[in-house]
Amino acid sequence: MNRAIPRAAARAFRHAALPLAWYYAVTLALPIANGAAQGVAAFAEHALAVLVVPPVLIVLVCAAREIVRLLRWRGTARAAARELCDSRLQA
Amino acid sequence: MKTKLCALAIVAAAVWGMKRYYADARVDDLWWILSPTAWLVGVITGRAFAFAPGEGYFAPDRLFLIEKSCAGINFMIAAFGMSMFARVHRVGSAVSCARVLGTSLLASYAAAVLVNTARIAIAMWLAAHPMALSAFTSAQIHRFEGITVYFGGLVLLYELVLRFDRRPALARSGR
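From first to last, the protein sequence lines stand for chains A and B.
Quick note, the first sequence lines up with residues 688 to 778 if you use the working numbering.
Quick note, the second sequence lines up with residues 49 to 223 if you use the working numbering.
Worth double-checking, as some hints may not be accurate.
[Said to hold, decoys possible] Using C-beta positions, here's what the derived DEER-type ranges look like:
#	chain 1	residue 1	chain 2	residue 2	range
1	A	Leu757	B	Ala60	41 to 49 angstroms
2	A	His702	B	Gly102	42 to 50 angstroms
3	A	Gln777	B	Ala176	54 to 62 angstroms
4	B	Ala158	A	Ala728	30 to 38 angstroms
5	A	Val743	B	Gly94	31 to 39 angstroms
6	B	Ala100	A	Leu757	49 to 57 angstroms
7	B	Ile170	A	Ala728	22 to 30 angstroms
8	A	Arg701	B	Lys116	31 to 39 angstroms
9	B	Ala158	A	Leu776	57 to 65 angstroms
10	B	Ala60	A	Glu732	24 to 32 angstroms
11	B	Leu204	A	Glu770	32 to 40 angstroms
Keep in mind that the hints were calculated from the coordinates and are not lab data.
Note that the structure is predicted; figures quoted are calculated from it, not measured.
Backbone N, C-alpha and C define an ideal beta-carbon position, used for all residues, glycine too.
Just chain A, with the same shape it has in the complex:
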């Protein structure tokens, strides 16, 4: 579990690299190229949010998915163990 979330996050970052690159290009690179960064304070606040929120979202979604997967696996393992116990008791 300790390694599952970072591994899943790394996989998700690789998978989402193209959308992330295009999102950053249009929301940060193009405005900077057009001179939008001249209003430094307002643009810095916008840029910080744009930079931070998408990676945070990726990590959160990965963590949620891994937790759901773990809970499902635990449920399946518990059911299998119960079935095994029942069959041994019957035998």
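Keeping the supplied structure of chain A fixed, place chain B upon it in accordance with the hints.
Positioned in the frame of chain A, the structure of chain B alone reads:
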């Protein structure tokens, strides 16, 4: 290879051109994207938006305005560029280049209208249900919501593009 480079050059020019067009456009020039968005938001929220020349689309109570910055053109540009990059391996001739360009443009337009509709509808819901305990201002919440919906929409579109892109190969292999 030459055709692929040509396609990427067209994408770069189109992205730059769309960005320039958006910078110079008045709200009245953006009817082609604002009017379907306003109509769809109206259908979802049950509030019909009315067009005010030079301003945008107003909600009946005039408390909510869909204006130029809400048009979703930046999302459309990102979606178009991303779709083209994801499918550029399909470009082998002028015809396939035109096909990939056309479908990418169509997909990015449809995605922009749908994702922007969702963003505005959620923003209207958030405005009507302010969170009293929130540590963020309503402007910050609006910004976070916009980033979340736009980035989420871009990832969803990417998944759809990959799925549709794999389809012909799967059909050929008989799976």
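Under the constraints set out in the numbered hints, which ones does this structure not fulfil? Violated hints: none at all, because every hint is consistent with the structure.
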